[in-house]
Amino acid sequence: MKVTMRVNGVERSGDVEPRVLLVDFLRTNLRQTGTHIGCDTTSCGACTVLLDGEPVKSCTVLAVQVEGQSITTVEGLAQGATLSPMQDGFHQEHGLQCGFCTPGMMLVGTALLKRNPNPSDEEIRWAISGNICRCTGYMNIVKAIQHAANAQAKVPAGAGAVGGE
Amino acid sequence: MFPAAFDYRAPVTLDEALGLLAQRGDDAKVMAGGQSLIPLLRLRFAQPALVIDIGRLPSMAEIKRDDGHVRIGALVRHVDVERSKELAKLLPLMVEAVHWIADPLVRNRGTVVGSVCHADPQGDWGSIMLALNAEIVAQSAKGERVIPIDGFFEGPFTTTLRPDEIVTAIRIPLPSGHAGGSYHKLERKVGDFATVAVSVQVELDGRKVRKAGIGLTAVSATNIKAKKAEAALVGRELTDDVIAEAGRLAAEAAEPKDDIRGTAAYKKDVVRVFVQRGLKAALARAQEVKA
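The listed protein sequences correspond, in order, to chains A and B.
Residue numbers for the first sequence follow this note's numbering, beginning at 1 and rising by one.
Residue numbers for the second sequence follow this note's numbering, beginning at 166 and rising by one.
Just so you know, these hints were derived from the structure itself, not from any lab.
Check the hints yourself; a few may be wrong.
To be verified - Residues of chain A placed beyond 12 Å of chain B at every Cβ, according to the derived structure: (1) Ser-13; (2) Leu-21; (3) Pro-55; (4) Thr-60; (5) His-91; (6) Cys-98; (7) Asn-140.
Stated by the list, open to error - Taking lysine-lysine pairs in the DSSO-like style, the calculated list, with each CA pair at most 27 Å apart, reads: (8) B/Lys-445 <-> B/Lys-250; (9) A/Lys-143 <-> B/Lys-392; (10) B/Lys-373 <-> B/Lys-354; (11) B/Lys-354 <-> B/Lys-433; (12) A/Lys-114 <-> B/Lys-254; (13) B/Lys-376 <-> B/Lys-455; (14) A/Lys-2 <-> B/Lys-194; (15) A/Lys-114 <-> A/Lys-154; (16) B/Lys-433 <-> B/Lys-455; (17) B/Lys-250 <-> A/Lys-114; (18) B/Lys-392 <-> B/Lys-376.
Fair warning: this is a prediction, and the values are worked out from it, not measured in the lab.
Beta carbons are placed, not taken as given, at the ideal position from N, Cα and C, and that holds for glycine.
Generate the whole structure from the sequences, applying the supplied hints.
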């Protein structure tokens, strides 16, 4: 089946069997390997992408379901060599150890700040509750998202790269 | 892991979807958000020949009031319940409960109706709908029928829905006057299935209970309605003794099994405690309502 979607703002198509999962379409067909496969059982959130701006587990979406919709992956966060505020937050606050959960964490953080630019630590913890960090580095992940929230509050809305569409 | 091969259709009208089901209902699965079905396909616990994705059907994503009911369309996602100001006013039990369902990412995608139709005995919405006395609106090429939730669950992952039917909505009678509900769930971590969960909804007439609903999660082959406990509440004032008796009767109705989440005896006792806590919370909320 032919499927067409916007990935990080660019229209991409492919010919896939209906059973192909979105994460496999992104990684294998489009060679965008920033989206990770962790558990394969809808448990860990390593495969998180934004589907029309909302974080979802791309191992639990069929590629063909996304026909005509927009996906943002971790590759869509930076603008050229400039990190997005969320990426910079993870850099500054040491928000990653092994890095495996990081793409998912940053995408969830990005979507959270769009909806709630000034979240409490508690709200951040609930927002990332579907994403598992196997290094258990949650303290710094929360700090990293707060760092991004503070950075965004200092620049006028729309001036910073907040990722995708 | 990836699913076994299947045909995929994404109809854009209800008639087209019903036509497909009329022809191939026996070996087809209807998919809304896919958050239960896709994991089953991946594990190959389910291997339908055809997946009918109803995600593109129009006007099914609405929560609306319709003549004494709230109607939850087949494509209303958990997150829509979470953000619904109308449901927060009309059916706060649903908005309280939704935070306990799966995790935020799954809630962005999964649907209320899909979850009820999946009929997992450990699912949350089924017992909530039992407490709220909801009705299932099912449509086939032959017409529409309304199934009371009490007769909907047949066994684990099995309902009385026919192979040619699609559930287009769930209808929930609007509580009136001083009404309140609560959801208590014991889970090991976010996203885990319930060890035990209890839904409670009461409507008061003065100090006495006019209507009571109690639904139990994860303690039987299906979500169940604790009818004896409900009956013991109607017409009574919610004193500590009456609440304790309802807890005892609900625990009696539960038939949990020993597993890694706890022993059967433990789970029965959690039912008893949660029914008591739930009734106390529901009572306090009902009394706060400005009727």
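Q: Against chain B, does A/Ser-13 hold up as non-interface, every C-beta pair farther apart than 12 Å?
A: 16 Å, holds
Q: Take a quick look at whether B/Lys-392 and B/Lys-376 sit within 27 Å of each other, Cα to Cα.
A: At roughly 12 Å apart (the allowed maximum being 27 Å), B/Lys-376 and B/Lys-392 satisfy the hint.
Q) Taking C-beta pairs only, is A/Asn-140 more than 12 Å away from all of chain B? A) Per Cβ check, A/Asn-140 is outside 12 Å of chain B; nearest 20 Å; holds.
Q | Pairwise hint evaluation, B/Lys-392 against A/Lys-143, where the allowed Cα distance is 27 Å at most | A | 49 Å, violated
Q: Measure nothing beyond the straight line between the CA atoms of B/Lys-354 and B/Lys-433; if it is 27 Å or shorter, mark the hint as holding.
A: At roughly 20 Å apart (the allowed maximum being 27 Å), B/Lys-433 and B/Lys-354 satisfy the hint.
Q.
Hinted pair, alpha-carbon criterion (27 Å max): A/Lys-114, B/Lys-254. Please report holds or violated.
A. 26 Å, holds
Q | Beyond 12 Å from every chain B Cβ - status for A/Thr-60 | A | Answer for A/Thr-60: violated, closest chain B Cβ roughly 5 Å.
**Q.** Minimum Cβ distance from A/His-91 to chain B greater than 12 Å, as the annotation requires
**A.** 24 Å, holds
Q.
A cut-off of 12 Å on Cβ-Cβ distance, and A/Leu-21 was said to be off the interface with chain B. Does that hold?
A. Violated, since 6 Å does not exceed 12 Å.
Q: Please work out if B/Lys-433 and B/Lys-455 have their alpha carbons no farther apart than 27 Å.
A: Violated. B/Lys-433 to B/Lys-455 sits at ~35 Å, over the 27 Å cutoff.
Q | Given hint B/Lys-455 paired with B/Lys-376 - CA-CA distance at most 27 Å | A | 18 Å, holds
Q: Hey, is A/Pro-55 genuinely clear of chain B, shortest beta carbon separation above 12 Å?
A: 5 Å, violated
Checked against the numbered hints listed earlier, the structure breaks hints 2, 3, 4, 9, 10, 16; every other hint is satisfied.
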